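Colleague: Residues per chain, in single letters:
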Amino acid sequence: MALPQAKQTATEERLAVLRMPDAGCTRKAREAALERLRQMGLPGRRDEYWKYTRPDTLISADALPAALFVNDESPMFDEFDRLKIVFIDGVFSPEESDELSLEGVSIDRLEDICCKDIHWAKELYGVLEANGQNPVPRPLAALNTAFASDGVAIHVTGKPSKPISLIYRHASETSDAILHHVIRVESGAEVTILENGPAASRFNKCMEIDIADGGTLHHVRAQGRDHQRRAATHMFTRMGHESVYKSFTLTVNGVLTRNEQVVELTGDDAVAHVAGACVGDGEFHHDDTVFVTHDAVNCESRQVFKKVLRNGATGVFQGKILVKEGAQKTDGYQISQSLLLDGDSQFLAKPELEIYADDVACSHGSTSGAIDETAMFYLRSRGIPTREATDMLTLAFLAEAVQEIEDEALADVIVARLQDWLARRR
Amino acid sequence: MAALDQTQVKEGVDQETVDAVREAGTYKYGWETEIEMEYAPKGVNPDIVRLISDKNQEPEWMTEWRLSAFERWTKMDEPKWAMVSYPEIDFQDQYYYARPKSMEEKPKSLDDVDPKLLATYEKLGIPLKEQKILAGVEGAETAPAEGRKVAVDAVFDSVSVGTTFQAELKKAGVIFCSISEAIREHPELVKKYLGTVVPASDNFYATLNSAVFSDGSFVYVPPGVRCPMELSTYFRINAENTGQFERTLIIADKGSYVSYLEGCTAPQRDTTQLHAAVVEIIIEEDAEVKYSTVQNWYPGDENGKGGIYNFVTKRADCRGDRSKVMWTQVETGSAVTWKYPSCILRGDDSQGEFYSIAIANNYQQADTGTKMVHLGKNTKSRIVSKGISAGKAQNTYRGLVSMHPKAKDSRNYTQCDSLLIGDKCGAHTVPYIEVRNNSSRVEHEATTSKVDDDQLFYCRQRGMDEEEAVALVVNGFCKDVLQALPMEFAMEAQQLVAISLEGSVG
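Top line first, the protein sequences correspond to chains R and A.
Its first residue numbered 1, the first sequence is counted upward by one per residue in this note's numbering.
Its first residue numbered 1001, the second sequence is counted upward by one per residue in this note's numbering.
No wet-lab data here; the hints were simulated from the structure.
A couple of the hints might just be wrong.
[As the list claims (entries may be wrong)] In the EDC-like style, the derived pairs of lysine to aspartate or glutamate whose C-alpha atoms are separated by at most 20 Å in a straight line are:
1. 1371(A) x 1288(A)
2. 1408(A) x 342(R)
3. 1392(A) x 325(R)
Note that the coordinates shown come from a computational prediction; the quantities given were computed from them, not determined experimentally.
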């Protein structure tokens, strides 16, 4: 079917300012992605999948500027022993990064996978993204595959002694960064990936994660404090037999953030937990779009998303559990909740289930409301001032999502960041 | 029902449930009335629209209204977002108007109606004789005389064949007649309210209906009147290749109350038939309307052949403060259902309720749910939806709960449960939740363990186990709903009560 004229024009305008890198072995995958993108067109306001988030500023030819944020707090995860990989405005910085060598893992820049002939990465690039285009198109991910200018390939073969930390710095007010990472976790291997930083004034990031049988990947991400930055991120995860994937995202401010998680459980007995906590104030729009497909027996999936909103902030949740025919003994759970701290904020949710197997336990819940008056009264009656009580109840509300982080020390960092947000915004 | 007999039922789903679903799946109303019919030419165009308007002896403004709707419809696209699939409908390959020849001259009273038509309704269990009580209904003999009266408007293909108890209702000031009669007799009311809840441009099927609706029911309950009996309309599709497009308009004026029931059946045929109805309800200050449906159109055979395509727009507008509407639906029929009875809660303190049981078997597809649009302060809504799929059926709950910024202190509670019998069917939930103020509370749940906690606690305290307690609470609720239905549906209803919620998924 031909695209509507407006959509076609918007797509071509965006494509006109992009240049495909001369990336030898990924060229084919990039051209296929461009073809996909041309067929589906960039998202528009009338697209059902973008019902609650306006894609205009994510698809415009030029990125809107974002003022650089003067960091008055210590960067995240600094106290952790970790392997740092730094990108400045979407470009890998060898000077700022650690040496990319660590036992149990090999890390290469995307542009090196061809000359070094890294087979797995060449074969994975763009594949999970292409799979993830059905049944819902994700044009910004296809755009990313076609035009990503940098990224890393992380091959986990053992259990590296420390987390791999991807740090995204923002240095220019009008940076428009497109990063694409591929990660392969081999059978029995285990790794923790950390991500943080504002990245760019507009950031399009795609991560393809392939976890082999019995592999484990922990992912903790903190999306930066910059108020004016915009980001669209995609994580595509394919999971083998008895594999484990646990992802947590903290979002603190940012004018527009759309995080898509596409998880496919293809091996039996796999476990996927995807969680997120976001706190937004003022001009803030945050969208969590999650699509979990159960295509194997006896898998477990959890989606836990909590949003605290005030001063006109908007929170969006679009979650789906798809249980395919034959995916018996599925245990699927999904919760999305919002705490609206004042009357101007809004929460828009579409928590979906699509089930084609009869022996499954799937449930979902979604709530929205203000701080519970009874709980507030209880705390006040114990002599706790309103502000403090509000903070306590807010943290308690977010706790279910933060608890999805297995590493307690990492969870503490996240809680500290939340407390900081509350303190700053009183 | 061979398909269901062979289905391996998983542990936890009890036999009673399976039997009840099987029973509900055998279609008892598949016979046809042999009667001479008069058709308009096949297809739809401005001439057909004029012809329908002409047959109903409508005034010019009505004809114009229809024609402008038709004009719009030709520019609209069929909606594709529902989780249903069916072959392309050829809108020109069916009749838009069919009436029994004997109805050419409108009968002066029910005694003049063609005996064949009366026999049809008799066979369906719908008495069109006023003195008769509902035959074969347990307890009917002992019930007080007032309680068992139900006024019926019987619609056969494109025309209303008669309305009972009109005189008695008139005494109370209630107007209950076919919509075609209302357009002629009460144009001021029709003009004032028609299309104000579901505008002619609302959606593809509603617009088509606005152009070609042939008959339906009209109810007006004046201020302060509690309608002395239940009102009901019984829709029967009989003619082949004929679409039924009925239009119902209910107006409950200030402080009034009415309970309205709707039933529908059709003969068993290999070809599919289209049914696109529009129901509009207007509820003024302090008024209350209960609208109950047992939808039992022919669902097609076990191989998915034939059946009715049921594309319906139903909406209630709670205009006045403290107004209340309650939708109850039991959906067992139709090959494809596309139906979302909705509530616009405009008045402060108004309330909307939606209770639904949808059963889909064989190749049936149901995409149904509700919309609760909270505009007024302190408005309340409650949604309880039970979907049951068996065979190769697909059952989808699709709903919207919207809290507008001005709908302060409003409240919504949604619960939707699905039950799958067999591994070839599907159950889906597509809720939209939009909260635009923080004093309102919205809760959406899809777990059976979270029925009202207080009630559960009460039952548990009396020594019941959780499963029993849940069943009791939910069945208790179901009974309330089903008791509100006309007694002729009692048999069907009782079978549905037997359905337990064990083994259900969100």
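Colleague: Evaluate each hint against the coordinates.
Modeller: Hints versus structure:
About 18 Å separates the Cα atoms of residue 1371(A) and residue 1288(A), which keeps this hinted pair within 20 Å; it holds. Distance hint between residue 1408(A) and residue 342(R) is fulfilled; the C-alpha atoms sit about 12 Å from each other, no more than 20 Å. Of the supplied pair hints, the one linking residue 1392(A) and residue 325(R) holds, its CA atoms being roughly 12 Å apart against a limit of 20 Å.
Checked against the numbered hints listed earlier, the structure breaks none of them; every hint is satisfied.
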